[in-house]
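K.L.:
These protein sequence lines are chains A and B, in that order. Just so we're aligned, residue 1 is where the first sequence starts under my numbering, counting upward by one. Just so we're aligned, residue 1 is where the second sequence starts under my numbering, counting upward by one.
Treat the hints with care, since some could be wrong.
Said to hold, decoys possible - Heads up, simulated DSS-like pairs for lysine-lysine below, C-alpha to C-alpha not over 27 Å straight-line:
1) K191/B to K217/A
2) K220/A to K238/A
3) K110/B to K56/B
4) K220/A to K230/A
5) K230/A to K140/B
6) K220/A to K241/B
7) K217/A to K110/B
8) K241/B to K217/A
9) K217/A to K140/B
10) K9/A to K191/B
11) K140/B to K110/B
Claimed, not checked - Covered stretches of chain B, as calculated for chain A (at least 3 residues, CB under 8 Å):
12) 64 to 74
13) 86 to 100
14) 151 to 163
15) 172 to 181
If you are wondering where the hints come from, they were derived from the structure by calculation, not from laboratory data. For every residue, glycine included, the Cβ atom is placed at its ideal position computed from N, Cα and C.
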Amino acid sequence: MAAVESSTKVVLGGTRGGPDEPTLRQDRWRLQPMIIAFILTVFIVYSTWAAFQNRYYFVGASMGRDLISPFYSPCIGGVCVPGAKAGFALNWFRLSPALLILIFPLGFRFTCYYYRRSYYRAFWWSPPACAVADAHGTYSGETRFPLVMQNLHRYFFYAGLVFNVLLTIDAVEAFREPGIGWGVSVGTIVLCVNAVLLWMYSISCHACRHLVGGHVKSFKAHPIRYRFWKIVTPLNAKHMNLAWASLLFVGFADVYVRLVASGALTDYRLF
Amino acid sequence: MADVTMRIWRGDATGGDFENYTISQNEGEVVLDIIHRIQATEAPDLACRWNCKAGKCGSCSAEINGKPRLMCMTRMDDLPEGTVTVTPMKTFPIIRDLVTDVSFNFEMAKRVPALLPPPMPEGGYRMFQQDVERGQEFRKCIECFMCQDVCHVIRDHEENKVNYAGPRFFIRYAELEMHPLDTNDRRELLKEELGLGYCNITKCCTEVCPEHIHITDNAIIPLKERVVDADYDPVAWLGRKIRRRTKKTAAEASVQPAP
Numbered sequence: 001m002a003a004v005e006s007s008t009k010v011v012l013g014g015t016r017g018g019p020d021e022p023t024l025r026q027d028r029w030r031l032q033p034m035i036i037a038f039i040l041t042v043f044i045v046y047s048t049w050a051a052f053q054n055r056y057y058f059v060g061a062s063m064g065r066d067l068i069s070p071f072y073s074p075c076i077g078g079v080c081v082p083g084a085k086a087g088f089a090l091n092w093f094r095l096s097p098a099l100l101i102l103i104f105p106l107g108f109r110f111t112c113y114y115y116r117r118s119y120y121r122a123f124w125w126s127p128p129a130c131a132v133a134d135a136h137g138t139y140s141g142e143t144r145f146p147l148v149m150q151n152l153h154r155y156f157f158y159a160g161l162v163f164n165v166l167l168t169i170d171a172v173e174a175f176r177e178p179g180i181g182w183g184v185s186v187g188t189i190v191l192c193v194n195a196v197l198l199w200m201y202s203i204s205c206h207a208c209r210h211l212v213g214g215h216v217k218s219f220k221a222h223p224i225r226y227r228f229w230k231i232v233t234p235l236n237a238k239h240m241n242l243a244w245a246s247l248l249f250v251g252f253a254d255v256y257v258r259l260v261a262s263g264a265l266t267d268y269r270l271f
Numbered sequence: 001m002a003d004v005t006m007r008i009w010r011g012d013a014t015g016g017d018f019e020n021y022t023i024s025q026n027e028g029e030v031v032l033d034i035i036h037r038i039q040a041t042e043a044p045d046l047a048c049r050w051n052c053k054a055g056k057c058g059s060c061s062a063e064i065n066g067k068p069r070l071m072c073m074t075r076m077d078d079l080p081e082g083t084v085t086v087t088p089m090k091t092f093p094i095i096r097d098l099v100t101d102v103s104f105n106f107e108m109a110k111r112v113p114a115l116l117p118p119p120m121p122e123g124g125y126r127m128f129q130q131d132v133e134r135g136q137e138f139r140k141c142i143e144c145f146m147c148q149d150v151c152h153v154i155r156d157h158e159e160n161k162v163n164y165a166g167p168r169f170f171i172r173y174a175e176l177e178m179h180p181l182d183t184n185d186r187r188e189l190l191k192e193e194l195g196l197g198y199c200n201i202t203k204c205c206t207e208v209c210p211e212h213i214h215i216t217d218n219a220i221i222p223l224k225e226r227v228v229d230a231d232y233d234p235v236a237w238l239g240r241k242i243r244r245r246t247k248k249t250a251a252e253a254s255v256q257p258a259p
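Chain A extracted, bound-state conformation (with noise of 0.2 Å):
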């Protein structure tokens, strides 16, 4: 294909009309801004603290379970409490092993066009809502270091998946109940829908709807492709919904399995 180079002039300035005022709308728009940014400050704040906690983050044979918290899964460190250990560990590392976990999930979602839209406006102001003024005098937008960064989406997509992966395996074994056999617990269950959640946050993601089919010229040329595409592109209009559904729920996933884990809640068993 021929790279094409085309260019015209464009005039800029001409004084614009209406007041010189940031806005003139008259609607409640700071709002959603606010509670997203409420919304996600909980959640560093939270998550952070949870990192670093290093402890309740397994529950393990002493109370017949096998649950652990998505933050700390696959436990590769080298202080892993015993029974959480993954096959594999970094012995070397001595610190809490959600800190080198967490740094491909968080990656994922601050690489996310959803989540960009939102702690852009959100956090940045860059704009805080439609028709309101920018708050920054000049602006580059991701065309510099360090936003530039944000083309790497597709590679934390990538390591995602390997995570959505490893959580399945962990939402399998909630159902394994060491001395009792097997069964279903409310834990067995969070950590199900959780890792469906993940599974659907990243299928729905614009990288995978881009690398399984939209990247083609031709739909007709490449038929699977285009069936891929097909089925991921429905799901990629409620990334937004998802996104946020799964947000929040492997935050309560790490709740749950951290009150469950030091004894202030009781894992009850279904069936």
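Since the structure of chain A is provided, determine the placement of chain B on it from the hints.
P.N.:
Only chain B this time, still in chain A's reference frame:
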């Protein structure tokens, strides 16, 4: 029906101010009806651009209570009680009252490299339904330029106009890039000269589009991903290198003289 107070920007390139008009309003009327009644009664010199009155020509774009909207498609009874503020689109230079000079968009339209199909095969070109459907959404654009108006990249930063095509033209580029018969590669142009990287996905263009085109999800993000393919993805780069080398090796092998 009760009267309504309209606060309308009056002025030109030398300056301007709001003027209030209190005027009667009938059930089911849209903002453009009220503007026309003001023209017919109190202010015959009030300038506004309009044509179809059916939301299909894209002429009557303005900002109503601070948000870009088509005047002909904004019902008065959908607006909150009280004074209704109408101003020209902020991003473009004013000509007079509610009329702006949107020639920036036509300059950007000139930059779009046209469709470049391969030589016509015997029997003519053929295009299949699934490929036709993909670009159909983009062809709904009525060029009201409200997406350009609301985009903060140029609304709040005039200097970016030199190198920023804007959402309206990103959907045109997407339509061409997704055309099965197109052989042009516009990715470098989009990255280096048309400011695709300036877009930070805040989706305001999608929010204001009167044709409900998913500008960000279906055009801008796919274009960004195509630029990633070309410039930011080392795995894709390696794959292209290997493929090119394989093709070259095959081509060389095919022209080797027989021993």
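K.L.:
Take the hints in turn and mark each one as holding or not.
P.N.:
Hints versus structure:
1. Our distance criterion of 27 Å between C-alpha atoms is met by K191/B and K217/A, whose separation comes to about 19 Å.
2. Straight-line distance between C-alpha atoms of K220/A and K238/A comes to about 26 Å, which keeps the hinted pair within the 27 Å bound.
3. For the proposed pair K110/B and K56/B, the alpha carbon gap of about 23 Å is at most 27 Å, so the pair holds.
4. Distance check on the hinted pair: K220/A and K230/A sit about 13 Å apart at the alpha-carbon level, within 27 Å; holds.
5. Restraint check for K230/A and K140/B: the C-alpha separation of about 21 Å stays at or below 27 Å, so the hint holds.
6. Among the hinted pairs, K220/A with K241/B is consistent with the structure: their alpha-carbon atoms are about 26 Å apart, no more than 27 Å.
7. A threshold of 27 Å between alpha carbons decides the hint, and for K217/A with K110/B the separation of about 23 Å falls inside it, so the pair holds.
8. Restraint check for K241/B and K217/A: the C-alpha separation of about 20 Å stays at or below 27 Å, so the hint holds.
9. Simply put, K217/A and K140/B have alpha-carbon atoms about 20 Å apart, close enough for the 27 Å limit, and the pair holds.
10. The straight-line distance between the Cα atoms of K9/A and K191/B is roughly 18 Å, inside the 27 Å bound, and the hint therefore holds.
11. Note on K140/B and K110/B: the hinted pairing holds, with a Cα-Cα distance of about 20 Å set against a maximum of 27 Å.
12. Residues of the segment 64 to 74 of chain B lying with their CB closer than 8 Å to a CB of chain A number 4, which satisfies the three-residue condition for coverage.
13. A count of 11 residues in the segment 86 to 100 of chain B with a Cβ less than 8 Å from any Cβ of chain A is obtained; the coverage claim is therefore met, three being the minimum.
14. Chain A is given as covering the segment 151 to 163 of chain B, and this holds because 10 residues of the stretch bring a CB closer than 8 Å to a CB of that chain, at least three being needed.
15. Judged by the Cβ-Cβ criterion of 8 Å, the segment 172 to 181 of chain B is covered by chain A as claimed, because 4 of its residues qualify and three suffice.
Checked against the numbered hints above, the structure breaks none of them.
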